[in-house]
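Peer 1: Listed below, chain by chain, are the residues.
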Amino acid sequence: MNNIPEIEIRNLSVTFNMYDRGLRQKNIKVISNLCLKAEKGEVLAVVGSSGSGKSLLAHAIMGILPKNAVVTGSMKYKGLDITEKRIKDIRGKEICLIPQSVSYLDPLMKVGNQVMIKNNKSCFEKMRKAFRRYDLCENSEKLYPFQYSGGMARRALISTAEQTEPSVIIADEPTPGLDRKMAYRTLKYFRDFADRGKAVIMITHDIDIAVEYADKISVFYGGTTLETTRAENFIKGEKYLYHPYTKALYNALPQNGFKAVKGFQPSPYEVSEGCIYFDRCDKRQEKCRGNIPVSVFDNGSCFVRCIYGHSV
Amino acid sequence: MMTIKYIIKNLIRMITLLVAVTIFSFILVTSSPIDPVQSYVGAGVAVTPEQREEIAEHWGLNDKPIERFENWFENIIKGDMGTSLIYRKPVSEVIGEKFQSSMILMITSWIISGILGFVLGIIMGVFKGSFVDRIIKTICLVISSTPTFWIGMMFLMIFSVNLGWFPTGFSVPVGVSADSVTIGQKIYHAILPAITLSFSSFSNIALHTRIKITEIMESDYVLFAKARGEKLIDIIKRHVLRNALIPAVTLQFASISEIFGGSILAEQVFSYPGMGQAAVDAGLRGDIALLLGITIISSIFVFVGNIIANILYTVLNPKIREGGVYSE
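Chains as they are written, first to last, in the working numbering: chain F, 1 to 312; chain Y, 1001 to 1328.
Simulated from the structure, these hints should not be mistaken for lab results. Since the structure is predicted, the reported quantities are computational estimates derived from the model, not experimental observations. Accuracy of the hints is not assured; some may be wrong.
To be verified - Below, simulated DSS-like cross-link-like pairs (lysine-lysine); rule was C-alpha separation at most 25 Å, straight line:
id: 1; chain 1: F; residue 1: K126; chain 2: Y; residue 2: K1237
id: 2; chain 1: F; residue 1: K40; chain 2: F; residue 2: K88
id: 3; chain 1: F; residue 1: K40; chain 2: F; residue 2: K67
id: 4; chain 1: F; residue 1: K85; chain 2: Y; residue 2: K1231
id: 5; chain 1: Y; residue 1: K1231; chain 2: F; residue 2: K26
id: 6; chain 1: Y; residue 1: K1089; chain 2: F; residue 2: K85
id: 7; chain 1: F; residue 1: K93; chain 2: Y; residue 2: K1128
id: 8; chain 1: Y; residue 1: K1128; chain 2: F; residue 2: K126
id: 9; chain 1: F; residue 1: K67; chain 2: Y; residue 2: K1064
id: 10; chain 1: F; residue 1: K259; chain 2: F; residue 2: K239
id: 11; chain 1: Y; residue 1: K1009; chain 2: F; residue 2: K67
id: 12; chain 1: F; residue 1: K110; chain 2: Y; residue 2: K1078
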């Protein structure tokens, strides 16, 4: 397992440069010090609450952030830096994004036509094959997006990733709005992608589903990843999870007591030093205000960003 | 079925509109201070009160306005729009003649303004915030807030008077008999007025298209197209044009009314003998029959333009065309 990860992100920060009242400029850091690793044949679930910046992470990798965004840190694909120029060549080919809703389909274009990246025979055949794989009938190729149900749209969006042979698939919130059965069915597709040797990054806020289908879970909070751990640790129990926030998340699940932690996720407008979870943490110490060390475990594939490390 | 019902509904609407327009313009014309008899005989010519009375009696000017309207309306339904006092010809004939030369003007400028507006709108929208966008936007804003007649006068001064590239007026050369006028000469005379006229509406179309394109460029589906590695030119071809065309076409047909209004001013400046000039003359000289005739024809013209816009919208937009929702 000492391969180079398909995607490796280190200390990624995304800052938006915007105008405050009048002409004063203001910087808002929406993602800070984010670390992430996606490996071949694995599903990595990035789990976090709404507004934690999960979608921006996907957009940052794909190089489709708005112009006023400043990205720092390192992003690597197959060991090489993802530069602005390089991502233009590989996005849609080697790295595919699967967006979340029907609004990502052109409303005036027949779905079959827009799934095809180019209007030629091989693309057509790939589209047809993908539609069959995802239970979309031939009839639905000729329909417009507004004639699709939410589940159909999602499957059409998934089939866009079958136009090329990507090695990385980033799925942004693939399950909301789907019923349990459809959600499982959708996730099964991502599991299949991974089983076919691709690296899958799945951005979601549904922990239950993530635990069932993912290999690793990355816990995302306030614009950064606090812990990456193996999915089974969420089943094994609280003591296998290290970060206080991850533990709190575990205990907040209905089957584990439904316990809520007071407070809110800090907004990107509140700039703070040190641990992002400081205000809500019950084990906080004075040194949590300083630099937080990252401790790595599980042969370097998992980590936790907490002063207690993975020893607790 | 939908379409037939739609067309019938709109026809009824058009008829009621026309009746309203005729009543309203009839009231306006009859209450105008211009004495049709005096304007008919001319300012300097003296007529005895008896003669005057005779003319008035002959034209039915002594009847009550209601009766006159009924009389005129009856004839209109039969297709007789009356006789023009200025031209001493049936109104339908005068309008037919004037309409033809106006049409050349309006159609050329309509096409120029449509294409120019759409292309400029796309350039501005796609490169929003860039230097090019700012320059074109400023030009469009300046032009759309400049009166047509002023632009016409500027063009006349620059291109006809100073540079001498184009004639200063009329639709045919002076001193040439009507039979020997060539099409080339007609086109040559129509160029400057047509350009002036297209200036009145292309900037609006461009600015509207710009906003629409900006919306499209910021949409989720264009973002996704980018993420799929589509190049800017592909995105424009595949998504932007398609989505911008429906509102642009609608706007283009709705702009017929603007072109029509603008043509009156443009024709005035270039002494171009079209509908616009005929309307002004008819108004100033109390030619009620001609004025009302022009009013009716132009209302039909504008109304039809708007209906075409609506129908095209339903035909082009799949959401309306294929209203049904398909489910598994």
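Peer 1: Next step is simple, just say for each hint if it's right about the structure.
Peer 2: Comparing the hints with the structure gives:
1. F/K126 with Y/K1237: Holds, at about 22 Å.
2. F/K40 with F/K88: OK: F/K40 and F/K88 at ~22 Å, within 25 Å.
3. F/K40 with F/K67: Since the Cα atoms of F/K40 and F/K67 sit roughly 31 Å apart, the hinted pair is violated (cutoff 25 Å).
4. F/K85 with Y/K1231: 13 Å, holds
5. Y/K1231 with F/K26: Distance of about 32 Å is beyond 25 Å: violated.
6. Y/K1089 with F/K85: 73 Å, violated
7. F/K93 with Y/K1128: 28 Å, violated
8. Y/K1128 with F/K126: Violated, because 36 Å separates the two Cα atoms, which is more than 25 Å.
9. F/K67 with Y/K1064: 72 Å, violated
10. F/K259 with F/K239: 16 Å, holds
11. Y/K1009 with F/K67: 49 Å, violated
12. F/K110 with Y/K1078: 50 Å, violated
Violation of the numbered hints given earlier is confined to hints 3, 5, 6, 7, 8, 9, 11 and 12; the remaining hints are satisfied by the structure.
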